[in-house]
Amino acid sequence: GDSVTQMEGPVTLSEEAFLTINCTYTATGYPSLFWYVQYPGEGLQLLLKATKADDKGSNKGFEATYRKETTSFHLEKGSVQVSDSAVYFCALSVSGGYNKLIFGAGTRLAVHP
Amino acid sequence: DGGITQSPKYLFRKEGQNVTLSCEQNLNHDAMYWYRQDPGQGLRLIYYSQIVNDFQKGDIAEGYSVSREKKESFPLTVTSAQKNPTAFYLCASSMVDGYGYTFGSGTRLTVV
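Chains as they are written, first to last, in this note's numbering: chain A, 1 to 113; chain B, 1001 to 1112.
Rather than coming from a laboratory, the hints here were simulated on the basis of the structure.
You may find that some hints are simply not true.
[To be verified] The following label-pair restraints were derived from C-beta to C-beta distances: (1) B/D1054 - A/G1: 20 to 26 Å; (2) A/F18 - B/D1038: 27 to 33 Å; (3) B/N1026 - A/T20: 35 to 41 Å; (4) B/G1003 - A/T20: 28 to 34 Å; (5) A/P10 - B/G1016: 34 to 40 Å; (6) B/S1022 - A/T20: 34 to 40 Å; (7) B/T1079 - A/V82: 38 to 44 Å.
No experiment lies behind these values; they were computed from the predicted model shown.
Backbone N, C-alpha and C define an ideal beta-carbon position, used for all residues, glycine too.
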């Protein structure tokens, strides 16, 4: 079945460090891919998305490129801030009748000053 | 402003009780969803609904029930049959084609 695998956390970085959170997927169709962010005690917010191969999603300095050949959608940011500390979820949605999201386990990011 | 509202934010349940979590949206979305989140785990789908008066089981529906009598509302009942109900519950909605997926702020349920 369809699934998403994320790197385990926590990821601990110093402010202004480079961030990469790995995400790979398995899907039978042609998925759309998403990154969501969850701050403590809150729901999930869409961070960025890509709907087809080679698309790059970007938002708030975060980027991810849809790589069909490696079935990956890694999240990157060039210079993290303390305010980026949160849990990040990779997700996919396979179109065709019903578009429920399938989530990875989440990766906790902690950024220290 | 359009959005999705979950209530209450915190809920405590005694063993053997049923409790109902509220989810309301004013985004005119056709589809609504309930997810369960446990510490260190991703979100698991409990139930979903694409139209009024219709809903489908997700991956972990046992011990839960839902109704969809109105487009705006999708309440979740955690029944006494749910053996381990302590978790964070998230409601979401979207257009039927999946666009505009929006989450509520969640309800934390604790069994005491």
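Of the hints given before, which are not true for this structure?
Going through the list in order, the structure violates no hint and respects every one.
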